[in-house]
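Undergrad: Listed here are the chains, written in short residue letters.
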Amino acid sequence: MSVAASSPRVIVGMGSCGIAAGAYDVEAAFQEALKSDTAATVEMGRTGCMGLCYREVMVEVRDGDTTSVYGDVTPERVPEIVEKHLIGGEPIREWLVLGDELESTESELLGKQTRIVLRNCGHIDPENIDDYIATGGYEALRAVIAGKTSDEVIETVKTSGLRGRGGAGFSTGMKWQFAAAAPGDKKYVVCNADEGDPGAFMDRSVLESDPHSVLEGMAICAYAIGSDEGYIYCRAEYPLAIKRLNIAIKQAEERGLLGKNIMGSGFDFTIHVKEGAGAFVCGEETALIASLEGQRGMPRVRPPFPATSGLWGKPTNINNVETFANVAWIMRNGAEAYSAIGSGTSKGTKVFALTGKVKRSGLVEVPMGMTLRELIFDVAGGIIDDKPAKAVQMGGPSGGCVPESLFDTPIEYEALQEVGAIVGSGGVVVVDESTCMVDLARFFLSFTQDESCGKCVPCRVGTKRMLEILTRITEGEGAEDDIETLERLAGTVSKASLCALGGTAPNPALTTLRYFRHEYEEHIAEKRCRAAQCNALSTYVIVPELCKGCLACKKFCPTNAISGEPKEPHVIDPDKCIRCGACVSHCPTDAIVRV
Amino acid sequence: MHECTCSDPTIDLSALDPILEAHKDNPGALIPVLQETQAVYGYLPEEAIREVARRRNVPVSTVYGVATFYTQFRLKPQGKMVVKVCHGTACHVAGATEITNVLEEELGIPAGETTEDLSATLETVACLGCCSLAPVVMIGDQTFGRLDPASTRKLVKKHVRSGK
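Residue numbers (the numbering used here), protein chains in the order written: chain A, 412 to 1006; chain B, 2 to 165.
Chain B on its own, in the form it takes in the complex:
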C-alpha cells in the first residue's frame, strides 16, 4: 500500500484531541472542527485533515472537499500579519484596485500570497461590510477605512512591518 511520505513530523496532532472530543457526538460539526483546527495551526495541515477524517470516520475527500469549498480555510501556512483588502462594490468604486496595487508593491507579493519570511499574507476579500468607510483594509483584526495610497503605505509601515 502506498504510504504518504510528505508528512510533516513537526505537526503535533494531540492538539486536535480536545477539538474532536468536544464535537464527537455532533455529525454536523465538521466546519466548526476545521475552524478550531485552523485556529490552532494557523492553517489546515494535511496531517490534521487526515486525522480529522480518521477520527470522525468520514472519507478524507469529504474533509478536503469542505476545506477547499469555503474561502476561510487555508491549506498553506499564513503570514504573521494578514492584510485583507476589501473589494466590495463600494470599495471597488472608491479605488480598491489602486489600494491593492500599493499593498502588492509595499509587501512585494501579489494578492493571495504570503511573504517568504512568513511576515505577511495579502488577501483580497469580497466585502468587510464597512462600505461607508471605503476603501477599507483589515490588518489582523483591525479595520482601517477611508484610505488612499499614501495612508495605505503608512499603514503597512506602522502595522505590518512592526508586526502589531
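Isolated chain A, as found in the complex:
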C-alpha cells in the first residue's frame, strides 16, 4: 500500500480532554513529520471526543476502508507512526486501541454501549457541517418541516418516552406540548448547557464533538412549539464548546438550515449563544431565564412554569443538551425504535461521565436499565488495581451515594430514586476504600452551600448549618447528637427550599448517613477516619525501612515537625504536623504514608 495511491487521513481527537492531554503538540508533531515529500499526500483532520478519555491523546488513521485508532499518542511516538504506518503501510499494533480485527478492551468497551447521543462524537469534524450532513444530519429537520404537523412531532417525542436528561426526568414530549399549547405568538426554545455538576462533562463533549445534533434538535423543537428564536446558555468554562457552537450556527445559517426561511419553507429559527458567568444555580430553569435577562440568576416560584411564562414573560421550552441531541435520531428512526431501548418507564439511552477510581474513565452511553454493576465493572473495567469498590456517587451535589451492596440496581429513574440516588445529569464518580464518606458529603455540601443563591432561608442557612456540622465531624469535633441534628436539618432543607438546588442539597448527606452511618459514628465516637482522609483524624508517618535520611522532607516542612539526622530515618511529630502533605511530595522514596 503506498501513500500516494490512497492518501490516508490522520485525524486527531480535539475535545477538551484531548487538548489537555496534549493533542495540539501531537498534531504539530504530525505536521512536522509529514513535511517530507514521501508523505505529502497525507491529509490532516480533527474530530471531537470518542469518550475514551483515559487513552487520550487519540489519533485515528483512515486509509481506504481501514480505520486504526492509536491511544496514548505522544509527540515522541509520532515519527514512528508516520514511518511505519503512513509510509510503510503497517499499523503499529501494540499502540492501537481500535482497529479492524483488533480485539482490545476499547473495542469491548464500545461494544457494550448503545450510541445515539454520541453517534457522531469522535467520528466527524465538529467544525465542518458537511461531515454532519454526510451522516444524515438535518434530514430529520427537513422531513419534519416538509411533512409533519406540530402535533405529530410532539406525539412522536411523547411516544418515544424521552425524558429530560438534565436531571429531573420529566417527559420531553409533555413539556413541548405545554409550550405549544401556551397562548402567545412569540415563543422561545432554550438549551440548557450550563453543565455545572462537578464530575459531569457529557454536555461539553456533545457540544464540542457534535454541535449540529443539538442545533437540529432545537430547530425541530422550535417547529413543534411554534418558536422562531432560541438561546443556548453555555457555561463560560467551556470556551471550546462555545467556539464550536458559534461556528456550527454560522455554517447552518449559510446553508439555509437555520435562520430565516429555513429550506425555503417560510419557517424561521435563529439561535443565539449566551455565555454563562459562573453560577451553578443557573442550571435551574427559572434562574437560567433570569440570567438570560441579564439579572442575578435567582430562581423564582413555579408556577407559572416557563412553558407559559418564561423568557421575557413569553412561553419558553427549556431542555438540556443531551435531550436535544436525541431528538433528530428519534425523528429519523421513529419513536418505537427509541422506546425499544431501555426498560420500564426509562426509555432510550443515557450518557454517563464515568470517573473516579475506575480503570477506564470516560464518556459512555448505555441503554437505560443496565445495572450499576455492569456499568462500573463491564463498561468501565472495574476498580483501579482491582481494589474493592466502596460506593458510586451519582448525580453530583443533587445526587446520592449508592453502596457496593446495591450495585445491582438498574439505571432507571424510579429504581435509583428508591435507593436515594438519582440518574441526574450523568456524572458517575466511583470511589474505593480510600475515600471518606463523611468527607465526601462535606465536599458536596460545601459546594451547594457556596452555590446557594441566598434567596430562600432553608437553603441559605440550612446548608450552612449542615456544612458546619459535617466539617465539625470531619475535624474530630463531632458531638453525639450531631447525626440527629443533621438528619432533622436535611429534612427541613429538602422540604422547604424554593428550588431543586436546595431541595436536593441534603441528598449526599442523607445517602451517606443511610449507608455509611458507621463512618459518621466512628468519626464522632472513636475519633477515627477509616479512609485516613480527614486531617484531624489521621497523620503522616515515615516508614523507617524506606527512609534514606535525605533531609528533603525536613527542609520543606513548614512547621518543623520532622526531626532526624542525615542518613538516619526521620520522625514526624504528630502534634506539630499540620497535615499539609508537603513532605510527601518531596520524598524521593515514597517513605511517608498517611494513616
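In short, the hints are calculated from the structure, not lab data. One should not assume that every hint holds.
[Claimed, not checked] With a straight-line cut-off of 25 Å between C-alpha atoms, the simulated BS3-like cross-links for lysine-lysine are:
{"no.": "1", "chain 1": "A", "residue 1": "K654", "chain 2": "B", "residue 2": "K85"}
{"no.": "2", "chain 1": "A", "residue 1": "K965", "chain 2": "B", "residue 2": "K85"}
{"no.": "3", "chain 1": "A", "residue 1": "K959", "chain 2": "A", "residue 2": "K938"}
{"no.": "4", "chain 1": "A", "residue 1": "K597", "chain 2": "B", "residue 2": "K25"}
{"no.": "5", "chain 1": "A", "residue 1": "K966", "chain 2": "B", "residue 2": "K158"}
[What the hints assert, rightly or not] According to the in silico footprint, chain A covers these stretches of chain B (three or more CB under 8 Å from chain A):
{"no.": "6", "segment": "70 to 80"}
{"no.": "7", "segment": "83 to 91"}
{"no.": "8", "segment": "108 to 122"}
{"no.": "9", "segment": "127 to 140"}
{"no.": "10", "segment": "146 to 156"}
[Stated by the list, open to error] Sample of chain A residues at the chain B side, in silico, Cβ under 7 Å:
{"no.": "11", "residue": "G433"}
{"no.": "12", "residue": "Y435"}
{"no.": "13", "residue": "C464"}
{"no.": "14", "residue": "A688"}
{"no.": "15", "residue": "E704"}
{"no.": "16", "residue": "S772"}
{"no.": "17", "residue": "F854"}
For every residue, glycine included, the Cβ atom is placed at its ideal position computed from N, Cα and C.
The hints should help you fit chain B onto chain A, whose structure is shown.
TA: Okay, now just chain B, sitting in the frame of chain A:
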C-alpha cells in the same frame, strides 16, 4: 452631595463606548456588557461599573448585584497568569487539595489571592469538565491533567514563572 474620592484616574472609560453602543438596544445584555468590560480591563473597576450603570440607565446596585453574583466577575485586578485548580468531585477524590497546597506553597499566596507583583492569581474552581484527567489545573487557557505534586511544581516553573 457626597463625591466619591477613591476613583482611579488611570481607568480609561472611553474603552466602554463600543461595548455599550453594541448592546444599547438590548435590555438583557448586562452580563455580556460586563463580560466584555472585564475582557478590556482584566477586572471590573468601580468606575466602569458606575459608568455602565449610568449609560444603561440602571441603578449602580443592579450592576454591582450582577457583578458580585457570578463567580466569573472580579472586582480586583488579576495576576498575569491565572491558575485555576479544579475541585470537582473527580479531582477532589484524586487529590485536588494536595495540588492546591502545592500551588499555594509555590506561589506563596493562599487560593483566591493574587501575588503582590500581579504575576499570578490562584483560584479554585468547581469543575473544569476534564474529570478523566483528574486532578486538573488550568493555567491561562491551557489545561493540564493527571497531575501530582511533582508535576505541579514543574508546571509552575514552566508556565507561571515564565509568564507563558
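Undergrad: So, for every hint listed, does it hold in this structure?
TA: Hint by hint, here is what the structure shows:
1. The hinted pair formed by K654(A) and K85(B) meets the criterion: a straight-line CA distance of about 21 Å does not exceed 25 Å.
2. At most 25 Å may separate the alpha-carbon atoms for a hinted pair to count; K965(A) and K85(B) exceed this at roughly 29 Å.
3. Distance restraint check for K959(A) and K938(A): the Cα-Cα separation of roughly 32 Å exceeds the 25 Å cut-off, and the hinted pair is therefore not satisfied.
4. Taken as a hint, the K597(A) and K25(B) pair is honoured in the structure, with Cα atoms around 22 Å apart against an allowance of 25 Å.
5. At most 25 Å may separate the alpha-carbon atoms for a hinted pair to count; K966(A) and K158(B) meet this at roughly 19 Å.
6. Here the segment 70 to 80 of chain B counts 5 residues with a CB under 8 Å from a CB of chain A, which clears the bar of 3, and the coverage holds.
7. With 4 residues having a beta carbon nearer than 8 Å to a beta carbon of chain A, the segment 83 to 91 of chain B meets the requirement of three or more and the stated coverage holds.
8. Evaluation of the coverage hint for the segment 108 to 122 of chain B: breached, as 0 residues show C-beta separations to chain A shorter than 8 Å, against a requirement of three.
9. By the rule of at least three residues with a Cβ nearer than 8 Å to a Cβ of chain A, the coverage given for the segment 127 to 140 of chain B holds, with 10 such residues.
10. Only residues whose C-beta sits within less than 8 Å of a C-beta in chain A count toward coverage, and the segment 146 to 156 of chain B has 6 of them, enough to reach three; the restraint holds.
11. Taken as an interface hint, G433(A) does not check out: its beta carbon lies about 9 Å from the nearest beta carbon of chain B, beyond 7 Å.
12. Taken as an interface hint, Y435(A) does not check out: its beta carbon lies about 9 Å from the nearest beta carbon of chain B, beyond 7 Å.
13. Given hint, C464(A) at the interface with chain B, holds; its Cβ is 3 Å from that chain's nearest Cβ, closer than 7 Å.
14. Checking A688(A) against chain B: minimum C-beta separation of about 3 Å stays under 7 Å; hint holds.
15. Below 7 Å, beta-carbon pairs count as interface contacts, and E704(A) has one with chain B at about 5 Å; its hint therefore holds.
16. Annotation: interface hint on S772(A) holds; nearest CB of chain B at approximately 4 Å, less than 7 Å.
17. Of the supplied interface hints, the one on F854(A) holds, with its beta-carbon coming within about 5 Å of a beta-carbon of chain B, less than 7 Å.
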